[in-house]
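Listed here are the chains, written in short residue letters.
Number of protein chains: 2
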Amino acid sequence: MYAAQLPALHQPIEWRECRDLQPEKGEILVKVSHAALNHRDLYIQEGLYAGITLPCTLGSDGVGVVVNESGAYQQGERVLICPSVAWGSSEKAQGKQFRVLGMPDPGTMATHIVRPEAEVFPCPKHLTDEEAAALPLAGLTAYRALFTQGRLTRDDRVLITGIGGGVATMGLLLATAVGAEVWVTSGSQEKIDKAIALGGKGGASYKTDDWGKTLKKASGGFDVLLDGAGGPGYNQLMHVANPGGRIISYGGTAGSIPKLSPQKLFWKQLHLIGSTMGSPRDFAALLALVNKHEIRPLVDRVFPVSEINAAFDYFRSGQQQGKVVVSIG
Amino acid sequence: MYAAQLPALHQPIEWRECRDLQPEKGEILVKVSHAALNHRDLYIQEGLYAGITLPCTLGSDGVGVVVNESGAYQQGERVLICPSVAWGSSEKAQGKQFRVLGMPDPGTMATHIVRPEAEVFPCPKHLTDEEAAALPLAGLTAYRALFTQGRLTRDDRVLITGIGGGVATMGLLLATAVGAEVWVTSGSQEKIDKAIALGGKGGASYKTDDWGKTLKKASGGFDVLLDGAGGPGYNQLMHVANPGGRIISYGGTAGSIPKLSPQKLFWKQLHLIGSTMGSPRDFAALLALVNKHEIRPLVDRVFPVSEINAAFDYFRSGQQQGKVVVSIG
Chain G
6 MYAAQLPALH QPIEWRECRD LQPEKGEILV KVSHAALNHR DLYIQEGLYA
56 GITLPCTLGS DGVGVVVNES GAYQQGERVL ICPSVAWGSS EKAQGKQFRV
106 LGMPDPGTMA THIVRPEAEV FPCPKHLTDE EAAALPLAGL TAYRALFTQG
156 RLTRDDRVLI TGIGGGVATM GLLLATAVGA EVWVTSGSQE KIDKAIALGG
206 KGGASYKTDD WGKTLKKASG GFDVLLDGAG GPGYNQLMHV ANPGGRIISY
256 GGTAGSIPKL SPQKLFWKQL HLIGSTMGSP RDFAALLALV NKHEIRPLVD
306 RVFPVSEINA AFDYFRSGQQ QGKVVVSIG
Chain P
6 MYAAQLPALH QPIEWRECRD LQPEKGEILV KVSHAALNHR DLYIQEGLYA
56 GITLPCTLGS DGVGVVVNES GAYQQGERVL ICPSVAWGSS EKAQGKQFRV
106 LGMPDPGTMA THIVRPEAEV FPCPKHLTDE EAAALPLAGL TAYRALFTQG
156 RLTRDDRVLI TGIGGGVATM GLLLATAVGA EVWVTSGSQE KIDKAIALGG
206 KGGASYKTDD WGKTLKKASG GFDVLLDGAG GPGYNQLMHV ANPGGRIISY
256 GGTAGSIPKL SPQKLFWKQL HLIGSTMGSP RDFAALLALV NKHEIRPLVD
306 RVFPVSEINA AFDYFRSGQQ QGKVVVSIG
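Residue numbers (my numbering), protein chains in the order written: chain G, 6 to 334; chain P, 6 to 334.
The following block holds chain G by itself, in its conformation from the complex:
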């Protein structure tokens, strides 16, 4: 088998021959067709996490076909890999053994991968392989944030910040699919326009000072807010939230939130909720939703695995809207 391995920090990925994987009882050997990139892959390459073990096979997102017959799957059946490893026994939060697939566990950017039966799922039939590879990590994170944590219903008005990112774009697709009205923010008018073309109702640039005021007036305020930034802009989110609103944070790229007002928190009866990835149960619920509404993840561009370093460079540039996919086998 071959795998896209990071040999050392700050080095290009190498497509290397590796020892063949052997599934044990209860494990599935999957021949990977497509994988997709996530910020996590970049952050590992850039050495931004503690405890990185090298060399490692990157990749959290993958789709492929089953190689070995198992109790649950036929040989040749198309499956999606759950990017959440060893979530634990509680649906409230991940346990201490939890990790995201790909470093230290060998990831999806390889011709083959072995996963426990419980972390492999039938792939939605309406999706191409490219679309399927784009779903797992971003879809799972968006699903848990909006539905498991945010209890989103069709009657909620939704704001998604930083549209264009994988989780934000999946959030837009999932929320509009159930009939919720979705608004967005971005630093780029092009990304806002694209979000509206995808079913969004409207948007504003977070580069303007009064985006909160503008959006609140235009929309009437938001019941569910999905944010991956934090930082000073978070206080604007508390302003545009309706009473009883839920603001769900899945990231903090803009750093810590300064001067959060407890008065605003209690008087508006807000729920400020943190959410990371999701459990296999969340993943199953995501797939049920994707099947029911025939949701198609947004693929920005597909690179052959021979150009994997070009794929990483493109992803790092931040031009994409939707996922960057790698075609493997």
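Treat the hints with caution; some may be incorrect.
Copies of the same chain look alike in the list, so a pair counts if it works inside one copy or between any two.
[Said to hold, decoys possible] As a list, the in silico SDA-like pairs of lysine to any residue whose alpha-carbon atoms are at most 25 angstroms apart:
#1 Lys269 with Gly56
#2 Lys97 with Gly226
#3 Lys218 with Cys23
#4 Lys273 with Gly52
#5 Lys212 with Tyr319
#6 Lys273 with His131
The set of hints was computed from the structure by calculation and includes no laboratory data.
Could you slot chain P onto chain G? The hints should help.
Here is chain P on its own, set in the frame of chain G:
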């Protein structure tokens, strides 16, 4: 009738004769037996709110007997007044018409009060009048925070900050009644000892630098945290919260929360929840819980209404643990 009225800001309360109240259809005239003090009454006297109308009859907490026969109540029946006025149609948050009883609506520190039938409830039979008067505002706030918002169960370990205050003490009584393990913080060792005598498991002084570390080690971490302070100590609460923990804020006496970490929020899957008072439905649920477990609110001291200004002075001094009650009729 007579009422304890605030004639002007920063002035003593005056016990004055007023025009008799006449209930309209659907309203109940209650002859008040006991009322209780809340910080809100002090804050009005000190002019700390916007839009104070004077003179006004203070008081949010009251118990008494029904004077007029109505569809729902017999004459002479003992009733508790719901301190929440015109909550609105949503259980998620109060509506725009919501107000706390007492200024601008005539409050409970009077011989008589008129309230809509839907905001009057049968008084739990196991309570004395003094205990009953101590229940409404603090009990309703603690109930909504812990149960409606915090979804408290007997399996949760609870931390209550600033024990000694009315809401904090009621929170301790409600949470221990359902079988939850409760820990506390206070600036006073005496208040911590009293909380332990009331059923608390342990506590720490928030005046020590490492109270969070100490408490986390001693307890194992907390699932539900009840806080009326905010301020810099809030970050310690996020530290001592278990993954998936709920921190419910009902006040912000220590001011805004500096540098809140979105990373800690999302990685621990925390829920930071704001909560104010409660709806009539919350009040009914509080009374059901109080009846079921025969919970008795903690009364610190009872003053006759002729000494109402002494009662305010004593309350302002902060020595009390439990409620300060005024005996009226």
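Evaluation of the provided hints:
When the C-alpha separation of lysine 269 and glycine 56 is checked against a cutoff of 25 angstroms, the pair qualifies only between copies, where the shortest distance is 19 angstroms, while the shortest distance within a copy is 39 angstroms. Proximity of lysine 97 to glycine 226 under the C-alpha cut-off of 25 angstroms is restricted to the inter-copy arrangement: shortest distance 15 angstroms between copies versus 28 angstroms within a copy. For a Cα distance limit of 25 angstroms, the shortest separation of lysine 218 from cysteine 23 qualifies neither inside one copy, at 56 angstroms, nor across copies, at 46 angstroms. Proximity of lysine 273 to glycine 52 under the C-alpha cut-off of 25 angstroms is restricted to the inter-copy arrangement: shortest distance 23 angstroms between copies versus 41 angstroms within a copy.
Taking the shortest Cα distances, lysine 212 and tyrosine 319 sit within 25 angstroms of each other inside one copy (24 angstroms), while across copies they are farther apart (52 angstroms). Taking the shortest Cα distances, lysine 273 and histidine 131 never come within 25 angstroms of each other, neither inside one copy (42 angstroms) nor across copies (35 angstroms).
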